[in-house]
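Enquirer: Sequence:
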Amino acid sequence: MIANNASTSSDAAHVVRLAGAQDLSGITQLLPELGGAEYGERFPGQTCADFIRWKYFANPAGEASVGVALDGERVVSVAAGTPKHVWLDGETVLAFELGDFITAADHRGRGLFSALINLVCNTAQERGAAFAYVRPNDVSFPILASRLAFREPGKIESRRYVALSGAVQRKIGIPAALLRGIGIDALFRIMTIPRQSATIQVESIDRFGAAADELWARTREHYRFSLVRDSKYLNWRYVECTTPYRRWTVCRQKQQAGYLVAFVAEAQPIATIIDLFTHPQDEEAAATLLHVALEDMLRAGAQAVYTWTPQTGGAAAADRLLKRTCRFIHQQLHFAMRPLGEHGPQDLPTSAWQLVAGDFDGF
268 MIANNASTSS DAAHVVRLAG AQDLSGITQL LPELGGAEYG ERFPGQTCAD
318 FIRWKYFANP AGEASVGVAL DGERVVSVAA GTPKHVWLDG ETVLAFELGD
368 FITAADHRGR GLFSALINLV CNTAQERGAA FAYVRPNDVS FPILASRLAF
418 REPGKIESRR YVALSGAVQR KIGIPAALLR GIGIDALFRI MTIPRQSATI
468 QVESIDRFGA AADELWARTR EHYRFSLVRD SKYLNWRYVE CTTPYRRWTV
518 CRQKQQAGYL VAFVAEAQPI ATIIDLFTHP QDEEAAATLL HVALEDMLRA
568 GAQAVYTWTP QTGGAAAADR LLKRTCRFIH QQLHFAMRPL GEHGPQDLPT
618 SAWQLVAGDF DGF
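Using our numbering, the final residue of the sequence shown is 630, and nothing's skipped along the way.
In silico DSS-like links for lysine-lysine, alpha-carbon gap of 25 Å or less:
1) Lys-590 with Lys-438
2) Lys-590 with Lys-422
3) Lys-499 with Lys-521
4) Lys-422 with Lys-351
5) Lys-351 with Lys-499
Hints were generated in silico from the structure; no laboratory data involved.
Turn these sequences into a full structure, and let the hints steer you where they fit.
Expert: Below you can see the structure in the form of structure tokens.
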């Protein structure tokens with residue numbers, strides 16, 4: 268079961284309740300509309316149902332709470348809450364990350380979105396969550412902020428590194444092949460991509476092990492707000508997921524100093540740095556990981572590499588290097604949270620964040 272069906276409400280046309288296993292087929296019919304044309308890249312060679320089973324059922328923090336609205340037997344609206352363990356000012360708390368917001372076009376404007384968000388948040392509170400968080404779009408954010416008690420502790424910057432040859436061709440028409448031939452891309456890489464250290468070792472990995480747990484234990488006290496990045500979470504999120512991520516770790520004197528996770532798209536010449544984590548002062552490890560990963564993604568054909576960084580709050584070496592390397596701001600994104608119950612945090616810390624694209628639904 269996705270969740271029990273104890274919480275149920277209805278209006279003249281719809282039943283709003285927590286989803287059960289019998290709703291999985293209806294949910295998987297609706298979600299591809301949300302994901303768009305590239306949604307299938309999240310589960311190549313598999314099905315949407317495989318992806319949802321991983322996301323909703325296999326999470327080591329617990330099963331998702333998924334709200335559905337039904338018109339008869341048809342699922343016409345969905346909102347999901349995925350439990351995550353969060354390190355918040357020196358202690359681990361439970362939070363729920365919200366996502367999979369979609370309502371069928373012929374059922375919008377009927378209050379289903381608000382009803383489902385309240386249902387999922389109330390269920391999360393009953394399960395002991397301190398707060399809910401989400402990266403909403405410009406359509407859903409005003410509803411969350413004005414009607415559903417969400418607040419915005421900060422914004423996220425979507426940034427990108429671009430191959431200059433393609434950018435210049437699009438801008439003024441000079442052929443990209445000519446520009447590459449005279450070395451414009453190579454020069455920009457030298458100017459932009461941080462240098463790799465010769466004293467530490469980077470390797471591609473299949474799974475995260477005890478070294479990742481030791482890294483998290485050594486570094487967590489230096490952050491005030493971060494998902495708990497132990498091996499159990501990292502393997503679920505980046506290894507057992509149906510999405511084919513690329514993963515690297517960096518070691519110094521046989522001790523893991525950081526990791527980077529990235530995704531290279533097949534349908535378009537783009538890639539995304541999903542997660543970069545080191546000690547907040549370890550610029551050498553962050554720079555080396557960035558160098559190796561970016562060179563790998565560019566060799567794979569990426570013409571643009573995207574990443575997310577907190578607009579404020581993130582002052583770690585990884586954030587500084589990402590902003591310096593992916594220097595073009597693509598757009599500013601909302602980040603919203605809702606305290607759950609009187610003991611939930613009314614706001615988040617103003618500094619020492621570790622917040623990355625992989626912390627959110629959609630990657």
